[in-house]
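Asks: Going line by line, the protein sequences match chains G and A.
Taking the working numbering as reference, the numbering of the first sequence is continuous, increasing by one, and the terminal residue is 461.
Taking the working numbering as reference, the numbering of the second sequence is continuous, increasing by one, and the terminal residue is 461.
Misleading hints may appear alongside valid ones.
Heads up, the list lumps identical chains together, so a pair's fine if it works in one copy or across two of them.
Subject to a maximum C-alpha distance of 27 angstroms in a straight line, what follows is the list of computed DSS-like cross-link-like pairs (lysine-lysine) [stated by the list, open to error]:
1. K406 - K84
2. K85 - K186
3. K84 - K418
4. K418 - K85
5. K340 - K418
6. K214 - K340
7. K84 - K214
Calculated directly from the structure, the hints in this document are not laboratory data.
There are 2 protein chains.
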Amino acid sequence: MQIRQSQGVTAPEGFRAAGLHCGIKKSRSPDLALIVSDVAGPIAGVFTQNRVVAAPVQLNRLHLKHHQGRAIVVNSGNANACTGPQGFAAAHAMAAAVAQALSIPLHQVFVGSTGVIGRPLPIDRIKRHIPHLIARLTRRGSIQAARAILTTDLKPKTVVVRGLIDGTAITIGGIAKGSGMIHPHMATMLAFLTTDAAVEPLSLQRALRSVVNRTFNCITVDGDTSTNDMVLCLANGMARNRTIRAGTRQYRKFEELLGEASDRLALAICQDGEGVTKVVKIEVRGASTVAAAKRVASTVATSNLVKTALFGEDANWGRVMAAIGRAGVPINPDNITVCFDSIVMVKKGMGTGPIAEQKIAQVFRQPQFTISIDLGEGQAQAHMWTTDLSYEYIRINASYRS
Amino acid sequence: MQIRQSQGVTAPEGFRAAGLHCGIKKSRSPDLALIVSDVAGPIAGVFTQNRVVAAPVQLNRLHLKHHQGRAIVVNSGNANACTGPQGFAAAHAMAAAVAQALSIPLHQVFVGSTGVIGRPLPIDRIKRHIPHLIARLTRRGSIQAARAILTTDLKPKTVVVRGLIDGTAITIGGIAKGSGMIHPHMATMLAFLTTDAAVEPLSLQRALRSVVNRTFNCITVDGDTSTNDMVLCLANGMARNRTIRAGTRQYRKFEELLGEASDRLALAICQDGEGVTKVVKIEVRGASTVAAAKRVASTVATSNLVKTALFGEDANWGRVMAAIGRAGVPINPDNITVCFDSIVMVKKGMGTGPIAEQKIAQVFRQPQFTISIDLGEGQAQAHMWTTDLSYEYIRINASYRS
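Just chain G, same shape as in the assembly (with noise of 0.2 angstroms):
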């Protein structure tokens, strides 16, 4: 019972969470989200890579430090970036009136906010709406607070990871809130993890680490962050399982559950990106490095003209080959091959002929698909998911008020 009202972050064992609307949104929707563990634990946080950084992010990294926490309060409608000294006295103050109301260490608060860059965040709404918030904790309040941390996403986005670690059952939870089109330089990328597995603190940060590169980095593509990006995971132990260290089978196991909560967090991403008809995975593989299928994938996950081609459902190989050339990567075109799942678009480089229209459609009528390029240079693969280019997107962004 009660199953699907525990999912998200409220799902592993000790943790409580609550949104509402404070009023920093015009309109009525929930805009102040908080998620409490019982007891204090390891958090691990991965931040955005940009230059310009939002306050919340330079008062977690400070926190961070203890690595230790106990509550996570992130609000939506300001992005309480480009605000300056007072930009961070606010997200300060927006964790010590938590921290306060709680009665725990102002470290053990972490702060998230998203949403229109360079007004100053409203503290004083917030500060008066933390008791509310605090009042309303409930062990199904995850759906809440994952309605609260949402600006132009359509759904909110949850997730929830059960498995065994040493016989001892562990439950991993999330919610996360989408990074626009899914496409480097892009909107805000949020995501909260929870979960009651005890993990030693430098395994925590290492495990979430190593998640992101592979899970969310692959929707926003290194480095390319907005200035309030991050990945907060806090573990409380309370599932009593022996605490787990890097470098173990039980940490091999743990971080197989983390990334699985996180794959499915980017994929609900993906899905619910500005304007998103299509979901498109981009492998490359035969690489010569890493560094090198990356950056082919990222190259051709970000071309609008590739983007435009998937929302006019047109196999428009060409488009993908001149991504692929212009990636900087040294490459011999003779070489490549492309398919549009299981149909060889380019082979050695060149178009394979005509392709049954009915067989080009039956691929771009699936809402998810594959775009592999084997750039037939070495062994090195990596991927890239990316969505289509909408008129939707065009609306929504056009019209998003600064």
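Based on the hints, put chain A in the right spot on chain G.
Replies: Relative to chain G, chain A alone:
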């Protein structure tokens, strides 16, 4: 009299041109162009940096070693790219047909192609029409040639610049074909320049390279080009000026005139970009190096979030700051100033507060304006032209059939 009709590549002494429909495009639009000089002369060329190089570019690189040109034949509707050895043979056959019909050496004929990638070039149709094309060559044919090289462009783009060098009147003419969204990664950019000036071959190459870097490459971003991009400049010496050599005052004057012609074609390409309603100059100052300035300018210029905000007439400086931050260049956000024309939006990395809607509306009402960014790090600067990203762009590129 006839001044309007002798614009473009036929404006300089001794050049004729023509354009016609040979049957590559499904529509009845012209798709084959020819430019011929009465006498051979030095020719310079700058080509795509893409690793996937179309057959005509491969051929031209070989012909360019002779430094002598007399004819340029160009088709639209088919890029002759990713077409393998047959594609190269087709480009060669296209040049050979012109060389034979005009009784000139093969290496004096240069070839351009633009259109869909990966389809075999219908070389027989082209060859069949070469005699008709030659029969139609006139001193007023530039506009026909300008029309025959277009793909999704709305308008033919031509330019004429005249000047005195050592008291001798010289003329530079040009036609161009746009690059989709005027974006890196975007469709093909072709420009053909003619001049009656006498210029020493290597000096002509040097002048063209320098001019392309600060004009066409500021709209297509260095190195990030299509499989077919090319700029050619043919100088037939019929103005009878003393041969211009690099390092002289005459050379600087010639480079200035060539720069003006290229600048005007580049801007015309922007204005005619797919679905474009606005052309915006991204000006970066105060960078520590020119490379850093270029990188920041191109990151802002190619951000879909910035481009949709321009379309939405939203002075969203937050998106500009986020793009600056992810350009991969060391910056200190606290030193940054951002202006929309003369309106200071960001000072010391922070918003300057609410700007009167009316002032913003005035900036956006213009078809052309400037976003200037001062990084406050050093003395280097660079600029890049960009455009808005509109519904119309999606429509054109989703329906441009592969």
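Asks: So, for every hint listed, does it hold in this structure?
Replies: Outcome of the hint check:
1. For the identical chains of this complex, K406 and K84 are inter-copy neighbours only, at 26 angstroms across copies versus 52 angstroms inside a copy, given an alpha-carbon limit of 27 angstroms.
2. In this homomeric assembly, K85 and K186 come within 27 angstroms of each other (Cα to Cα) only inside a single copy, at 18 angstroms, whereas the closest approach across copies is 65 angstroms.
3. Within a single copy, K84 and K418 get their C-alpha atoms only as close as 46 angstroms, which misses the 27 angstroms cut-off; across copies the closest is 25 angstroms, which meets it.
4. Taking identical chains as interchangeable, the C-alpha atoms of K418 and K85 lie at most 27 angstroms apart only when they sit on different chains, with a minimum of 24 angstroms there against 47 angstroms within one chain.
5. With identical chains, the CA atoms of K340 and K418 are at most 27 angstroms apart within one copy only, with a shortest distance of 18 angstroms there and 44 angstroms across copies.
6. In this assembly of identical chains, the alpha carbons of K214 and K340 lie at most 27 angstroms apart only when taken from the same copy (21 angstroms versus 37 angstroms across copies).
7. Taking CA atoms no more than 27 angstroms apart as the test, K84 paired with K214 passes inside one copy only; the shortest distance there is 17 angstroms, against 44 angstroms between copies.
The structure shown violates none of the earlier numbered hints.
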